[in-house]
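Here are the chains, one letter per residue:
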Amino acid sequence: MSILEYNGAAIIAMKGKNCVAIAADRRFGIQAQTVSTNFQKMFEMGPRLFIGLPGLATDVQTVAQKLQFRVNLYELRENRRIKPKTFMSMVSNLLYERRFGPYFVEPVIAGLDPKTDEPYIASMDLIGCPMVTEEFVVSGTCSEQMYGMCESLWKPDMGPDDLLDTISQALQSAVDRDAVSGWGCLVHIIEKDKVTTTELKGRMD
Amino acid sequence: MSERYSFSLTTFSPSGKLVQIEYALAAVAAGAPSVGIKATNGVVLATEKKQKSILYDENSIHKIEMITKNVGMVYSGMGPDYRVLVKNARKLAQQYYLLYQEHIPTAQIVQRVANVMQEYTQSGGVRPFGVSLLLAGWDEDEETPYLYQCDPSGAYFAWKATAIGKNHVNGKTFLEKRYSDNLELEDAVHTAILTLKESFEGQMTEDNIEIGICNQDGFKRLSPAEVKDYLASVQ
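Chains A and B, in that order, are what the protein sequence lines are.
Numbering of the first sequence is given in this note's numbering, commencing with residue 1 and proceeding in unit increments.
Numbering of the second sequence is given in this note's numbering, commencing with residue 1 and proceeding in unit increments.
Think of the hints as simulated: they come from the structure by calculation, not from any bench.
Backbone N, C-alpha and C define an ideal beta-carbon position, used for all residues, glycine too.
Among the clues, some could well be false.
As the list claims (entries may be wrong) - Straight-line distance between alpha carbons at most 30 Å, and here's what the computed DSS-like set of lysine-lysine pairs gives:
1. A:K66 with B:K91
2. B:K91 with B:K177
3. B:K220 with A:K115
4. A:K85 with B:K91
5. B:K172 with B:K17
6. B:K69 with A:K85
7. B:K69 with A:K115
8. A:K115 with B:K91
Claimed, not checked - Cβ-to-Cβ under 10 Å is the rule here; a few derived chain B residues that face chain A:
9. M78
10. L99
11. Y100
12. Q101
13. E102
14. P105
15. A107
16. Q108
17. Q111
18. D141
19. E142
Assemble the whole structure, with the sequences as input and the hints as a guide.
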């Protein structure tokens, strides 16, 4: 039993044309037992900046809180919104500070630059190694399945509606092949002027 | 084993002043003049570097120092105190970079340096720094120049143009007349030299003044040859 598979999670972030999408499942379980079907795994760190945290549930919540703390102080000190790129460095630093006793989360970041509106996605391992890509990032207990789905469904320059369909299909199909993730899905589509949240119901098992 | 003081040496006088800070400001006002001017496309820092004897090797020690590639600093007051602050500022700037992978914005480094200076007015067994600093920086994000002054008290101010050190009152009056919002960097350097000239005794050469500029290409201390060119267009 791996500690990263104790609670179960699945998160995907995808880049579209002038937009990004981030989706997560909603299950909170303790090994085989499902405890909650509306557990928050994505957190808003800025008006157009989200972080998805799969992994050990207690660390999901602690890391989200600690990050919010750091982001709040940053925005107060610097009197400006944090850029997604800078936020990624901040998360990486937070995780590496615990290099020899890490937080068991492997975050996914999605957002738009506050000034240029440029889409940005990135993922990280549990000790803060960043990976910035131009297409999609996945993290969770069914990452192999998510990689397979994303690789076949993703195409460049999708609009917000197309992106919603694609990311939903990818996530739903992937979690259906994983015992510890699923039980509902939440998607955020982040555009220049709005964030649209969609709740999806799939196989509730 | 030296016993450290746990009480501050900077204490209030009955009139509500911190006399140690006042005295520090007096030390600054007795120091060699420095000037800073913000232009539309950059900032210039200039300072007098008069040496007491011709035997001094002028080009080995610098008053104008780079903190990061986009921020530079100059002082008026006590040189040794300045060195400590330069070292501190450089470390703080690098710590920021380590954390955010982004160059420290000018306003942020100023806040941190000013905080250090303030700590020395409220900590045990230390005295305030006997320097006022002028920090010049270029913010990549906003693409704007910034000029800040840090005082021994820890107070900091953003300026369009200012003078510190000896004769700073006259310097500021001179700048008030000469400054305009649409000054470009070249004109600003020219004006800075003229401001220094107001209080300069003797002949100004490329070896007894120092000039630094900060624009979108970063901070740079001018070489004596470059300073000579500017002086030629003034004299």
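Holds or violated: K69 of chain B to K115 of chain A, with C-alpha atoms at most 30 Å apart: holds (23 Å)
30 Å limit on alpha-carbon distance, applied to hinted pair K85 of chain A and K91 of chain B: Holds, at roughly 23 Å.
Status of the D141 of chain B interface restraint (C-beta, 10 Å, chain A): holds (7 Å)
Restraint check, 10 Å cut-off on beta carbons, for E102 of chain B near chain A: Interface hint status for E102 of chain B: holds (5 Å vs cutoff 10 Å).
Pair hint K69 of chain B and K85 of chain A, alpha-carbon separation not exceeding 30 Å: holds (20 Å)
Minimum beta-carbon distance criterion (10 Å), Y100 of chain B to chain A: The hint holds - Y100 of chain B has a Cβ within 10 Å of chain A, the shortest such distance being about 5 Å.
Proposed proximity, K91 of chain B with K115 of chain A (alpha carbon, max 30 Å): holds (29 Å)
Given hint M78 of chain B near chain A, where the shortest CB pair must fall under 10 Å: Not OK, violated: M78 of chain B not within 10 Å of chain A, min 30 Å.
30 Å limit on alpha-carbon distance, applied to hinted pair K91 of chain B and K177 of chain B: violated (38 Å)
Hint consistency between K172 of chain B and K17 of chain B [alpha-carbon to alpha-carbon, up to 30 Å]: holds (25 Å)
Interface restraint verdict for P105 of chain B against chain A (beta-carbon cut-off 10 Å): Given a least distance of 7 Å, the restraint on P105 of chain B holds.
Supplied contact hint for Q101 of chain B, tested at 10 Å Cβ to chain A: OK, holds: Q101 of chain B within 10 Å of chain A, min 4 Å.
Of the numbered hints stated above, those contradicted by the structure are hints 2 and 9, listed in ascending order.
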